[in-house]
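Chain by chain, the residues run as shown.
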Amino acid sequence: MNPSDVFRKRNLSKVNFEYEELIGRDFSDSNMKGVNLKNRDIHNADLSCTDLSGADLSGAILFNVKMRGADLQQTNLSSAKLWDADLYGADMRGADIRGADLFYADLRNVDLSNANLSGVNLRHTNLDGAVLESTNFERANYDSDTLDTISENAKSQLKKQGKRW
Amino acid sequence: MQGRKDEHRHQELLKEKKELEKNRPHGIDEMRRWKHDMGKILQELELYNK
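Chains D and H, in that order, are what the protein sequence lines are. 1 is the number of the first residue of the first sequence in the working numbering; add one for each residue after it. 166 is the number of the first residue of the second sequence in the working numbering; add one for each residue after it.
Because the hints were derived from the structure by calculation, they are not lab data. Among the hints, erroneous ones may be present.
Here are the simulated SDA-like pairs of lysine to any residue, each with C-alpha atoms no more than 25 Å apart in a straight line [said to hold, decoys possible]: (1) H:K200 with D:K9; (2) D:K155 with H:E211; (3) D:K14 with D:D41; (4) D:K9 with D:D128; (5) H:K187 with D:N109; (6) H:K205 with D:W165; (7) H:K187 with H:E211; (8) H:K182 with D:Y88; (9) H:K205 with D:R139; (10) D:K155 with D:D41; (11) D:K163 with D:N116; (12) D:K155 with H:R198; (13) H:K187 with D:K38; (14) H:K183 with D:K9; (15) H:K200 with D:N16; (16) H:K182 with D:E18; (17) H:K183 with D:K14; (18) D:K9 with D:R25; (19) D:K155 with H:K187; (20) H:K187 with D:R68; (21) H:K182 with D:N44; (22) H:K205 with D:K38; (23) D:K38 with D:S113; (24) H:K200 with H:Q176; (25) D:K38 with D:N16; (26) D:K38 with D:S13; (27) D:K155 with H:G204.
Covered by chain D, per the in silico footprint, the following chain H stretches (three or more residues, Cβ under 8 Å) [to be verified]: (28) 172 to 178; (29) 182 to 195.
Think of the CB as a built atom: it goes at the ideal place given N, C-alpha and C, for glycine as much as any other residue.
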């Protein structure tokens with residue numbers, strides 16, 4: 001077994017990650033419900049199809065992470081650095097994403113219903129096919145690339161609440 | 166003449182953007198630089214979208 005694979009397909013919800021090096025690790029298909037990864041550096045990690053619902057990832061460095069199909073319901077991602085992250089198809093209903101940096105992130109087909117995206121950086125974020133019901137975009141930064149990927153309804157919502165960069 | 170020059174710069178920026186997309190770094194400092202460089206390109210490209 002590859003040493004980076006020891007966290008794959010595991011129940012890690014009660015694990016204390018305080019002394020673990022997490023950069024580039026493979027956590028795919030694991031249960032990480034409610035874990036505390038606040039302010040941790042987890043860049044390049046694989047969290048595809050991982051259950052991170054209710055977890056605290058606030059302030060975490062998450063650039064280049066793979067979170068395809070991850071369960072991020074009610075997850076705290078406030079102020080997280082999610083540059084170039086792959087969140088394709090993730091469930092982010094009710095997530096707290098305030099002040100996060102989603103520069104160049106792939107959020108295609110993500111469910112962001114009731115998520116709080118106030119103050120986020122959405123420059124060049126791909127939201128194609130994303131569900132944006134009751135999503136809060138207050139003071140969110142966006143550019144023409146962001147607008148090109150969303151529906152007319154969501155476009156007017158984003159224009160009304162956010163700030164064009 | 167101005168229009169041709171602008172179009173030339175536009176094409177140059179698109180090319181630089183493609184290059185950066187192909188060369189994504191993995192280290193934190195390189196990624197910060199990547200983000201900064203890409204941000205500058207997007208900022209200039211945004212002028213062509215207005």
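- Query: Which numbered hints turn out to be false for this structure?
  - Reply: Structure breaks hints 1, 4, 10, 12, 13, 14, 15, 16, 17, 19, 22, 28.
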